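Use the sequences and the hints to build the structure in full.
Under my numbering, the first residue of the first sequence carries the number 47, and numbering increases by one thereafter.
Since the hints were made in silico from the structure, they are not lab data.
Certain hints may be false.
25 Å max Cα-Cα, derived DMTMM-like pairs, lysine to aspartate or glutamate [claimed, not checked]:
(1) K294 with E359
(2) K94 with D72
(3) K82 with E168
(4) K357 with E338
If you anchor each label on the Cβ, the simulated ranges turn out as follows [as the list claims (entries may be wrong)]:
(5) K109 with L50: 42 to 48 Å
(6) H339 with E261: 33 to 39 Å
(7) K294 with G448: 47 to 53 Å
(8) E89 with T119: 37 to 43 Å
(9) K109 with D270: 54 to 60 Å
Predicted model only: the values in this text are computed from it and were never measured.
Cβ coordinates follow ideal geometry from the N, Cα and C atoms, glycine included.
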Amino acid sequence: MHDLQLFRSQLDSTAERLASRGFSLDKNAFRAIDVKRRDALTEVERLKADRNERSKDVGARKKAGEDTTDLQTAMRAMGDRIAELEASSEQLDVEFRDMLKGIPNLPHESVPIGKDEHGNVEVRREGAAATMNFAPKPHWDLGVDLGILDFERAAKVTGSRFAVYFGQGAKLERALVNFMLDTHTAEHGYMETLPPFLVNSDSLYGTGQLPKFAEDLFKCEGTDYWLTPTAEVPVTNLLRDETIDAEKLPVKLVAYTPCFRSEAGSHGRDVRGIIRQHQFQKVELVKFAHPEHSYAELDGLTHDAENILRKLELPFRTMALCTGDMGFGSAKTFDIEVWLPGQNSFKEISSCSNYDAFQARRAGIRFRGTKKNEFLHTLNGSGLAIGRTWVAIVENYQQADGSVTVPKVLQPYLNAEQITRQGLLT
RNA sequence: GGAGAGAUGGCUGAGUGGUCUAAAGCAGCGGUUUGCUAAACCGUCGUAGUUCUAAUAGAGCUACCGAGAGUUCGAAUCUCUCUCUCUCCGCCA
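What follows is the structure, encoded as structure tokens:
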């Protein structure tokens, strides 16, 4: 949702900023419907004011013992007229709001201008790929050979784009969850949060997944419950319709959840392995920040996410997304990409975004400022996607004999230094 | 799943058809006075939309008392549906 005043007072520059991210705003249509809607509203409100006054008069006359039958008859007709005008006014309002809902967030001035992912700018690169004197395998071969990953049985139990983990593979997933939660809570100052994994429509609207992206979600039949696509939804909506004290900012929360995505529209992409699944696990960082500090908080959040890769000694690079490649509600986004030797490429493992007041305005999240209550800024980023981290470890730490060395920081969690073949079912 | 009771502003809480333009208290904010870790008194204090005024302020109007629909000239108040909370019963990890 947008700041209406900004659109009205600076329509030209706003349209230019939107154009930089590939969205063309029809300025004439905007002005026309805005004026039409306000005219209709003014007329209805004028009639309502009139009715309120006359109704009061009816009450007064009745009290004085006068006959008000004629007056009431006349006012019934007035009521019908109001209902009629109100319906058309509401129709215009819905039209106007629908148009606003379809407009993406304004990019921050520091975001590089670009059309697509080729316009993204690398801001950091850390770590070096391990030297391997053999051809590195992709995780879908390594994992299956090790007996820790099974796609065929998952397809039988559920369908495509699902996976089953066995033995040390399952434990590696659990170890990563604990390692990430421990690091973010103990070292980065986030509060651990365990939210519901099902969310309602209001929450999805608040963070921007609805109404535009319903086809990306799974819905529970006969209910208003949806499987959460990311912990961003339940966690950000924890403060929906609330006003919190400014001195509590920034509020920093970290949550582990499974995430469910229909992946409509990505048929044929990343079909092999566990890079793109209908269900994946993720540790998510969420911040509620004061508008003056939100960009510094974004840098901090990105650093917190990168720190997981530093500790795991996995090579990565951080990209500032350009205007044309950012998500719908984001004002600025850093993607963290981890190196995958099995695929000889970098792969996104975290996306850290500042939404400015875009989500806060939709969800009604405010803080008590010095003069009046204001919308705060919401931020979030993966810290990290568990499945893709699992992939990165398996591929980067693979040995010539097909086993996988466990990164030092994970050894206490896994209670092992090596992942070896789990032969029970495979 | 069954029975019952509830939902009012940041919080507590009054209000069962017409000055509700929502009482009062607490907390917050501004001020006055007195002065030892404070008290008393005065003022202020919701959100959104919209109109006007030379206007990052003020004055008005409209809507909002869990949500939606209805009855009525007029609804926080009456009716219906739904959601949530609490109590008891049933079931259950």
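Outcome of the hint check:
The straight-line distance between the Cα atoms of K294 and E359 is roughly 34 Å, outside the 25 Å bound, and the hint therefore fails. Of the pairs offered as hints, the one joining K94 and D72 is violated, with about 33 Å between alpha carbons and a cut-off of 25 Å exceeded. For a cut-off of 25 Å, the pair hint linking K82 to E168 is broken: about 46 Å separates their Cα positions. Restraint check for K357 and E338: not satisfied, since their Cα atoms lie roughly 31 Å apart, outside the 25 Å limit.
Distance hint check for K109 and L50: the Cβ-Cβ separation is about 43 Å, which falls inside the suggested range of 42 to 48 Å. Distance hint check: the CB atoms of H339 and E261 are about 36 Å apart, consistent with the given range 33 to 39 Å. For K294 paired with G448, a C-beta distance near 51 Å keeps the hint of 47 to 53 Å intact. With their beta carbons about 23 Å apart, E89 and T119 fall outside the hinted range of 37 to 43 Å.
Separated by about 47 Å at the C-beta atoms, K109 and D270 break the suggested range of 54 to 60 Å.
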